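S.K.: Assemble the complex: chain S is given as a structure, and chain Y must be docked to it using the hints.
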Amino acid sequence: MTFTVQQFQALLPLVITCATSVLVMLSIAWRRHHAFNTLVCMLGLNAALVSVYFAAQVGPQAVTPLFIVDGYSLFFTGLILAAGLASVTLINTYIDSFKYNREEMYLLMTIATAGGIVMASAHHFASLFIGLELLSVSLFGLVGYSFHRPRALEAAIKYLVLSATASAVLLFGIALIYSQFGSLAFSEIGPQLHEDARPIVLIGLAMLLIGLAFKLSLAPFHLWTPDVYEGAPAPVGAFLATAAKVAVFAVTVRFLLLEAIGALQIPAIFHTLAAIAIASILVGNLLALRQNNIKRILGYSSIAHFGYLLVLLLTGGPVFGVEGFAAYLTIYVVTSLSSFGVVTLMSKCGQDRDADQLHDLRGLFWRRPYLATLMTVSLLSLGGIPLTAGFIGKFYVIVAAMTFQSSWGWAMLAAIVAGSAVGIYFYLRVMVNLYLAKPGMHKFEAQLGWGQHTSGLMVLCASALVVYIGVYPETLMQLVQIAKAAGVQ
Amino acid sequence: MLEAIPMEHGLALAGVLFSLGLAGVLIRRNLLFILMSIEIMMNSAGLAFVVAGSRWHQPDGQIMFIFVLTLAAAEAAIGLALVLQLYHRYHSLDVDAASEMRG
Numbered sequence: 170m171t172f173t174v175q176q177f178q179a180l181l182p183l184v185i186t187c188a189t190s191v192l193v194m195l196s197i198a199w200r201r202h203h204a205f206n207t208l209v210c211m212l213g214l215n216a217a218l219v220s221v222y223f224a225a226q227v228g229p230q231a232v233t234p235l236f237i238v239d240g241y242s243l244f245f246t247g248l249i250l251a252a253g254l255a256s257v258t259l260i261n262t263y264i265d266s267f268k269y270n271r272e273e274m275y276l277l278m279t280i281a282t283a284g285g286i287v288m289a290s291a292h293h294f295a296s297l298f299i300g301l302e303l304l305s306v307s308l309f310g311l312v313g314y315s316f317h318r319p320r321a322l323e324a325a326i327k328y329l330v331l332s333a334t335a336s337a338v339l340l341f342g343i344a345l346i347y348s349q350f351g352s353l354a355f356s357e358i359g360p361q362l363h364e365d366a367r368p369i370v371l372i373g374l375a376m377l378l379i380g381l382a383f384k385l386s387l388a389p390f391h392l393w394t395p396d397v398y399e400g401a402p403a404p405v406g407a408f409l410a411t412a413a414k415v416a417v418f419a420v421t422v423r424f425l426l427l428e429a430i431g432a433l434q435i436p437a438i439f440h441t442l443a444a445i446a447i448a449s450i451l452v453g454n455l456l457a458l459r460q461n462n463i464k465r466i467l468g469y470s471s472i473a474h475f476g477y478l479l480v481l482l483l484t485g486g487p488v489f490g491v492e493g494f495a496a497y498l499t500i501y502v503v504t505s506l507s508s509f510g511v512v513t514l515m516s517k518c519g520q521d522r523d524a525d526q527l528h529d530l531r532g533l534f535w536r537r538p539y540l541a542t543l544m545t546v547s548l549l550s551l552g553g554i555p556l557t558a559g560f561i562g563k564f565y566v567i568v569a570a571m572t573f574q575s576s577w578g579w580a581m582l583a584a585i586v587a588g589s590a591v592g593i594y595f596y597l598r599v600m601v602n603l604y605l606a607k608p609g610m611h612k613f614e615a616q617l618g619w620g621q622h623t624s625g626l627m628v629l630c631a632s633a634l635v636v637y638i639g640v641y642p643e644t645l646m647q648l649v650q651i652a653k654a655a656g657v658q
Numbered sequence: 023m024l025e026a027i028p029m030e031h032g033l034a035l036a037g038v039l040f041s042l043g044l045a046g047v048l049i050r051r052n053l054l055f056i057l058m059s060i061e062i063m064m065n066s067a068g069l070a071f072v073v074a075g076s077r078w079h080q081p082d083g084q085i086m087f088i089f090v091l092t093l094a095a096a097e098a099a100i101g102l103a104l105v106l107q108l109y110h111r112y113h114s115l116d117v118d119a120a121s122e123m124r125g
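In order, the protein sequences belong to chains S and Y. For the first sequence, the working numbering gives the first residue as 170, with consecutive numbering after it. For the second sequence, the working numbering gives the first residue as 23, with consecutive numbering after it.
Any given hint might turn out to be false.
[Claimed, not checked] Stretch-level coverage of chain Y by chain S, calculated; a stretch enters the list once three of its residues show a Cβ under 8 angstroms from a Cβ in chain S: (1) 64-78; (2) 87-99; (3) 102-111.
These are computed hints drawn from the structure, not numbers from a lab. Here the structure is a predicted model, which means the values were calculated and not measured. We treat Cβ as the ideally placed atom computed from N, Cα and C, and that holds for glycine.
Next up, chain S with everything else stripped away, as it sits in the complex (with noise of 0.2 angstroms):
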């Protein structure tokens, strides 16, 4: 097989981003400088980011049988990179206090990042197996990292245990289906799904659904979510939450919406995957309420996000599914960066646990009123309130299942619905306890020039970046055609 110039061009920015963990690497053996390694690893992800915009110079590529390179991909490249980066971010003033080894987090995160990026453009399910273990297994390793906490060591072992089983799972439903049709390749397996779907290849994908549902956190196979967000250092609850997610929704998105269209027809799966939708949302919502913890909380609400993303791929369409989801994904990113940046820049790693606790929240704004506001902002766009970034992609989703015109779509919708309204409810608790009074002592404390930092200016950036979406989206929506053009092939 040839491997042109054009190929090597599209495939820049996982190239880089390889090349960077490989850098990082003899960088930490050469000399365990922190400084100079975060440097290293910046560097490589600043310079995968920029190799974006060549690799869309050059048009669809498909690379190798494993991987094609379009406007989808890219866009959702150019997402990993930048979530992973700011979580690189993050974890730089975090990691400071830490009293053993500091580097590897580094290394970890970016090749959780190739791995993410393998993912986005995986066009094969032995693409998508490699990308998805990258991730994972890099992660194993970054929710233990803290393994001084009690917490941490717990987190990493439920989601070792439950992560590994998922994909297992994930992969016998992979070899059922290659055991039907003798390929493993997408589009060759997509459009013969629908015509052909006898009791073993239904099995098959259903496994295979399962196996990412469990990696997306929807609602019968949520329970690992919570638990790991909490256990999990904040920066890497942060790179969960963001960049893990949008890569295996991703390709999930690929599979079912851009080549086994015919897979959703299958009423079987369908009504399945309706019921996942608004178990998730009503789940994520309930359980959010008996909370404390504002990680945990964090966690719960991203199962209900996903139950709402579930429901724009359903009803969506090839169209405005791929348009809407990217948006709402975009979205979800930025904020979901600015609540746990607050979180990691109020905490330190060298302390027993972060400041995850709503008491250790309590009267923020009397101490930091800037960092409350962010939190505010953040809050108020995940609760899907006008005027910030949420209530956009919220109304993408209503759009989507109003016009969807089936009974589906509208117990999808009274779902989505009742769970904004909760939602609504447990996001205002913990704004209150910003606004409290200040409590006489208190454990946790960002640092007075927190602003000063990288990580501090991320922060700002991402929730500037809440309010502008929310009173222009219009930049937002042209950037997402970018993803739709791959879209409609």
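M.R.: Then chain Y, alone, in the frame of chain S:
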């Protein structure tokens, strides 16, 4: 020759192994045995790939098996590191000992 064995038999064997592994993950409380059960699940998926590959006379199934082995090795490495940490902290391999988070 594997040709003499129908593919369905191979898949059924893989399915039985997979169920055994899944049951092990659900029932066992010892982290070491949970990891072993996961390994069984992974390998049963690998077996299904090899069987399917031989039906279509393609090397793809065996290549996927090599990927599965690589993954199983990487996961075992991390899993055993966690086993050590768990034993250090609780002097037991019972995963329920470490389960504090609720809700």
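S.K.: Hint by hint, where does the structure go against what was stated? Just the numbers, ascending.
M.R.: none
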